[in-house]
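Sequences are here, hints too, so could you generate the full structure?
Protein chains in written order, with my numbering: chain A, 114 to 644; chain B, 74 to 499; chain C, 14 to 417.
Treat the hints as calculated values from the structure; they're not laboratory data.
Since the structure is predicted, the reported quantities are computational estimates derived from the model, not experimental observations.
Mixed in with the good hints there might be a few duds.
What the hints assert, rightly or not - Taking beta-carbon pairs under 7 Å as the criterion, some of the chain B residues facing chain C (in silico):
#1 A126
#2 L326
#3 T327
#4 E330
#5 D332
Cβ atoms here follow ideal geometry from the backbone N, Cα and C, with glycine treated the same way.
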Amino acid sequence: MQKYDAVVIGGGHNGLVNAAYLGKAGLKVALLERRPVVGGATITEEIYPGFKYLTGSYLISLLRPQVIRELELPKHGLEILPLESTVAPLLDGDYFADWPDHDMTRQEIERFSRKDAESYDEFNATMRRIVFGVKPILDMIPPDPTSLEPHDLAQMARVRGTLDRMERRDFHTLCRLMTMSAADFLDEWFETAPLKAIKSTSGIIGTFLGVRSAGTGYVLLHHYLGELNGVPRAWGFAKGGTGGLSQSIARSARAHGVEIFEDTPVERILVENGRAVGVATAKGDEFRADRVISGAHAHPTFLKMMDPGDLPEEYLADINRWRTRGPSCKVNLALDGLPDFPAIPKNKRALLRGSIEIAPSVDYLEKAYDDAKYGGWSRRPFMDALMPSLLDPGMAPPGKHIMSLFVQYADADLKGGWTEQKKAEFLEVVVDTLSEHSPDLKDKILHKHIMTPDDLERVFGLTGGHIFHGELTLPQLFFMRPSPQWANYRTPIKNLWMCGSSCHPGGCITGAPGRNAALEILSEVKEQVPV
Amino acid sequence: MKVIVAGSDANAWACALKMKQAGHEVEIVTGGDGVATLLPGSPLSPEVASEFALGAVLKIVGRVGVSPQKKTVQLKLKEISGEVTPRDQERWPDFVRVMNNASEIWRGLFQEKLDVAGRWREFGRRQAMEVLRVPCQGLSELLDDWFESDLLKATLGATALRGCRQGPFAPGTAFLLLQRWARGEVFGRSKVGPGVLASQGEGIRIHDLAIESYSVALGRIESLRTIGGPELTADIFVSSEDPVTTLGKRVGLTRLELDTAATVSHWDARSTTAVARVAASEKWGGAMINFCSTLEDLEKAYDPTKYGGFSESPFAEFDSESGLLYVQHLGDEEAANKVSELCALHELGEVEELLLPAQIAERYNAQGGHLFGGERALWQSYGLRERLRRPFSNFYLCGAGTGPGDHGGASGLMCARCVRQPVATS
Amino acid sequence: MQRLKVTPFHSRTSALMQGAEWRRWGGYQVASCYEMVPDREYYSVRSSTAMFDVSPLAKYRIKGLEARPFLQKLLTRNIQSLVPGKVIYSPWCDSRGKVVDDGTLACFAEDDFQLTAAEQGEAWLKRVATGFQVTIDNISDDYGILALQGPTSRGLLNELVGEGIDQLGFSEAASFEVEDVPVWISRTGYTGDLGYEVWVKAQHAEKLWDRLVEIGFSFALMPAGIWALDVARVEAGLIMLDVDYLSALRTESLAQTSSPFELGLGWSVHFKKGDFVGREALWREKEENSTPYRFVTLVMDDLAYREAFQQVGLAVDLPVQAWRGMHPLFDAQGEQPGYATCGTWSPTTQKYIMLAQVEPAYSAEGSELLFDAVVDRKRRKFPCRVVKTPVFETSRKKECYAKV
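Written out as structure tokens, the structure reads:
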């Protein structure tokens with residue numbers, strides 16, 4: 114039986130990043146993945162022959178540039194194509210669009226309001242300044258704010274320092290953004306209904322709250338924290354789907370000597386004398402290591418792979434009350450040709466290459482939430498759609514297309530449970546709603562597939578189907594994530610670490626928890642090769 | 074300096090008395106009854122009570138939650154009883170401890186001398202973080218974490234949401250419970266009448282006049298114009314009216330600094346709380362009553378208001394001593410019927426008067442008919458409302474729209490503390 | 014397919030475009046230069062008449078009972094004396110006293126004004142207008158504007174609209190007719206020379222252009238692009254948004270904003286008139302004398318520059334087109350007390366001129382600084398001297414031609 118310096122549980126993107134950094138630093142690392150292929154929710158799956166489905170995540174923006182550079186991901190195959198535009202077909206047959214070019218976008222907004230066209234510039238400038246002030250916090254290890262240890266005090270001072278650099282009025286805007294609803298915040302800037310609607314969707318992605326719920330302002334800000342090629346807030350599509358990204362990280366990890374074991378579910382984390390000493394797989398093998406790092410969700414990590422009795426009561430209470438009830442579904446359609454969206458003018462078909470949002474108004478989005486929040490689903494869901502085959506032809510056979518649909522809301526705790534019949538029913542609701550905007554869609558569907566919150570949990574280990582491993586609301590952010598005093602990637606069990614989205618800075622494809630955790634681990638390792 | 078304070082509530086009086094103590098010449102322009110008269114149960118702040126040696130201003134009356142099926146739950150600081158599980162009863166003291174600690178910190182932010190961060194750390198790591206969680210969470214999040222009894226949760230939720238325009242599912246709504254808890258309003262009620270501060274106002278000239286407007290020039294208020302009375306001049310002007318009425322209506326948006334104008338334009342003072350006057354009742358021994366059933370129903374009552382509609386089954390708080398019923402999320406057409414239904418169901422007798430938000434707005438000069446001068450949500454609280462404290466170099470706001478957000482006088486005291494010699498701007 | 018907007022003169026300007034030198038301005042497509050080389054277009058400004066299509070200027074009609082009080086609040090400048098028929102220039106600031114934009118304001122009547130600006134800024138105007146009884150109409154797309162600048166422009170306009178044009182003093186405006194087409198002409202410009210700006214409704218734009226071209230021959234009228242305008246405006250010491258300063262609404266940091274005092278516009282800040290946006294902040298800046306930079310024109314020692322090229326066997330490379338950017342200026346100790354924002358060879362004054370912002374200690378006339386330039390792959394520093402702004406002045410700009 115081999116002994117490793119580190120065993121990483123879960124080959125999601127953060128687990129892969131973590132393993133790669135540790136391997137790069139010279140540690141002997143084994144990464145164990147339950148499924149046949151690594152990636153976690155960052156995966157591309159050919160569920161229908163010839164068609165590469167995005168069963169989990171679908172776009173990239175928050176991937177930390179340090180991760181791209183330090184793990185040499187382009188060398189290992191990462192190619193990110195920019196997502197150029199956003200279009201929302203509206204219920205009255207009109208459309209609203211956002212282009213990558215400033216003047217083009219202005220023209221689109223001017224169709225509704227000239228005032229908003231300038232407010233948009235000011236809004237973007239304000240968001241850029243706020244993001245600039247807040248971004249350094251993404252790469253910080255959260256301190257313990259109750260502690261008077263020099264290390265914690267220094268870190269709190271650093272956090273304050275980065276916020277103090279902001280102009281007072283921008284700091285006030287940040288405070289309001291963190292506590293308001295996305296819709297209310299946008300109401301203060303704009304009068305154009307469809308503009309407010311598509312902007313507010315960033316506040317609810319993956320979050321079981323409505324656009325009018327306080328706290329969605331933070332989620333909106335969260336989605337502004339990314340960049341591509343140095344361009345703030347740019348979003349992109351990885352060639353080969355997000356699976357292309359996880360594969361490039363896996364290759365980087367392997368290149369640094371990490372041993373990746375797929376089809377290897379971990380059953381138990383082995384704890385001896387209050388220390389983690391390795392894991393036991395479902396097949397009965399043991400992987401012994403100096404340290405165990407879990408990239409999995411906090412719930413399966415602590416409630417399934419461990420004996421809860423091994424954990425301190427308070428920590429267990431925090432894990433148990435962790436809010437991880439998700440509202441998201443992922444639908445993929447294999448299409449026999451390009452569907453028509455009559456609301457989009459023929460001379461602007463380039464917009465089909467970008468994001469297509471089914472978010473015609475703020476009321477529509479709020480109703481979608483109201484329908485679902487008592488254990489149901491949206492009668493007319495919100496959708497963030499994409500046809501990756503238009504950007505990356507390899508995703509579908511020639512002339513055919515796939516459509517990836519991120520859908521909300523459908524309660525993870527659906528009344529009566531997610532039976533096969535319920536899943537099929539909601540899939541029909543999704544297709545019907547989309548067909549309102551694309552009349553020939555149904556004729557073109559060759560195959561359709563849905564991941565409900567239940568499937569997201571079953572397949573990707575995301576408890577409650579929550580794509581961020583738990584809500585990104587104030588009580589679950591920064592030094593509270595996943596438990597106060599344990600937000601620095603450590604756990605109450607010595608040598609057991611967490612490196613996934615259950616930790617700061619939370620969800621989206623960032624690689625930040627994986628990287629931050631690796632740097633913390635390495636700072637404790639006596640001999641290390643500089644990263 | 075000569076100081077004119079506009080307003081008649083405890084905030085106006087606390088500010089006026091404090092400024093008089095500091096040696097200034099102080100006059101009060103009452104402006105008629107303010108919206109504070111609709112909140113006779115609201116206690117004075119302990120700080121104000123001690124500052125002016127008022128003795129005990131709070132009396133403990135307890136709280137009762139009553140469901141439509143007439144099930145009840147009784148809440149006292151020491152214990153809960155009625156429709157509650159033993160597990161909830163066991164957890165109650167710990168909950169009280171967290172809320173009391175959080176209240177101390179919240180109140181401390183508005184006091185001069187307390188080292189808030191230090192006191193917070195003294196709670197110990199775990200308790201300190203529990204305290205920090207409270208204002209960030211949603212009501213349903215907080216209450217579901219602690220308790221399992223529906224009526225208990227609904228009662229605490231309804232207590233928090235009185236006078237507010239949010240639902241319990243939204244993050245940050247636990248902050249509303251914290252605010253009432255900190256003021257002693259969850260289990261207590263005011264022991265003294267509203268005029269108790271006025272009785273200390275010897276030497277303060279009172280103008281019982283309505284306020285029309287303020288005249289502004291070069292970043293200073295020049296005078297206060299009254300209706301049917303003289304134009305009054307002073308060195309310093311203070312107003313306890315809500316920010317939008319004061320700055321939007323009486324000063325005028327065009328005269329404001331742009332940032333102040335923006336803050337005023339964005340000030341959320343929309344209200345969906347109606348106030349009904351029924352007969353005072355001895356039935357519950359003077360307790361505060363909440364008519365509600367589950368947290369989900371509180372959220373359902375709130376939902377239609379997001380689309381300009383109103384609740385099918387509103388929930389309400391009853392101040393049994395004064396006979397005032399605060400009904401949430403009521404609109405125009407169905408309002409009277411719904412209130413009558415509620416009163417009939419709980420045997421409260423005839424509705425003597427029903428004031429909808431628009432009527433409250435008109436009668437009490439309160440923007441939006443809002444009972445607290447503006448929504449007391451996180452995004453309009455603490456530092457974010459202090460921006461409105463001094464909109465002109467010689468003009469201050471001291472009402473519920475600044476400070477902790479109540480009519481208990483703390484904001485008035487804070488205001489008096491920060492009044493300065495005006496700076497020259499020309 | 015999505016394209017940039019085109020001005021009402023586009024059919025005529027595109028026909029003249031020889032070198033595919035278009036640029037963007039305010040979401041429009043306009044010409045940088047029509048001919049293959051820019052020289053003649055520039056020279057026409059100083060020797061005959063250049064015709065610039067400046068239609069992308071943002072234009073607003075401001076009307077209502079409280080139009081004047083609103084404008085007094087918006088602008089730093091006192092507009093009390095602005096009567097019908099007159100035009101004034103003013104910047105406007107945010108509440109931190111930082112410049113948002115600058116432009117001209119014309120008065121038609123007591124309740125009727127017209128504002129222009131380099132870039133669209135309707136949201137800001139409407140924000141300041143909150144509570145005022147005033148309407149703000151964005152008429153930007155409704156009009157084309159031709160700027161006719163140069164010594165023969167008066168003669169040309171006499172031909173176009175008659176003698177009445179001679180009554181127009183500097184910064185005055187009036188309505189005229191060109192063959193039944195109403196035009197509004199202001200004696201204003203961006204070149205520091207004798208010149209006029211002619212406004213015409215979009216649907217009549219081509220007609221106006223054709224008439225001007227028809228009569229323009231004997232006045233050596235030359236359609237000219239923005240490159241030529243740029244050189245002339247640097248000679249005239251006039252600031253440009255996004256070159257010499259950034260709008261306070263869109264900067265990434267406070268340090269990138271500029272107060273009017275930094276841009277040589279202190280003369281347009283009138284504290285005594287009453288409240289305006291930014292007054293308190295500007296008052297404090299003035300009281301504390303805390304303006305970090307002052308606006309200056311610099312002349313570089315072009316002989317030294319020429320010498321440096323000669324030493325490496327090259328002919329001197331003088332910029333025919335004004336360059337733009339943030340170029341550091343150094344003092345003798347190697348510190349950087351300022352930056353140049355644009356520079357050009359000025360054929361009229363035969364000098365290498367730059368507009369810059371330098372620390373107050375270096376802003377007096379005669380102060381010396383060093384400019385960093387690359388000569389054949391190597392960086393060299395060249396002496397510059399602060400001179401009076403503007404470097405180019407002519408009496409014809411403000412001369413009164415009215416017959417008494």
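Here's how the hints hold up against the structure:
For A126/B, the shortest C-beta to C-beta distance to chain C is roughly 40 Å, which exceeds 7 Å, and the interface hint is violated. A least Cβ separation of about 3 Å between L326/B and chain C falls short of the 7 Å threshold, and the interface hint therefore holds. With its C-beta approaching chain C no nearer than about 4 Å, T327/B sits inside the 7 Å limit, and its interface hint holds. With its C-beta approaching chain C no nearer than about 6 Å, E330/B sits inside the 7 Å limit, and its interface hint holds.
For D332/B, the suggested interface contact is upheld, since its CB lies about 5 Å from the closest CB of chain C, less than 7 Å.
Violated hint: 1 only; the structure is consistent with all others.
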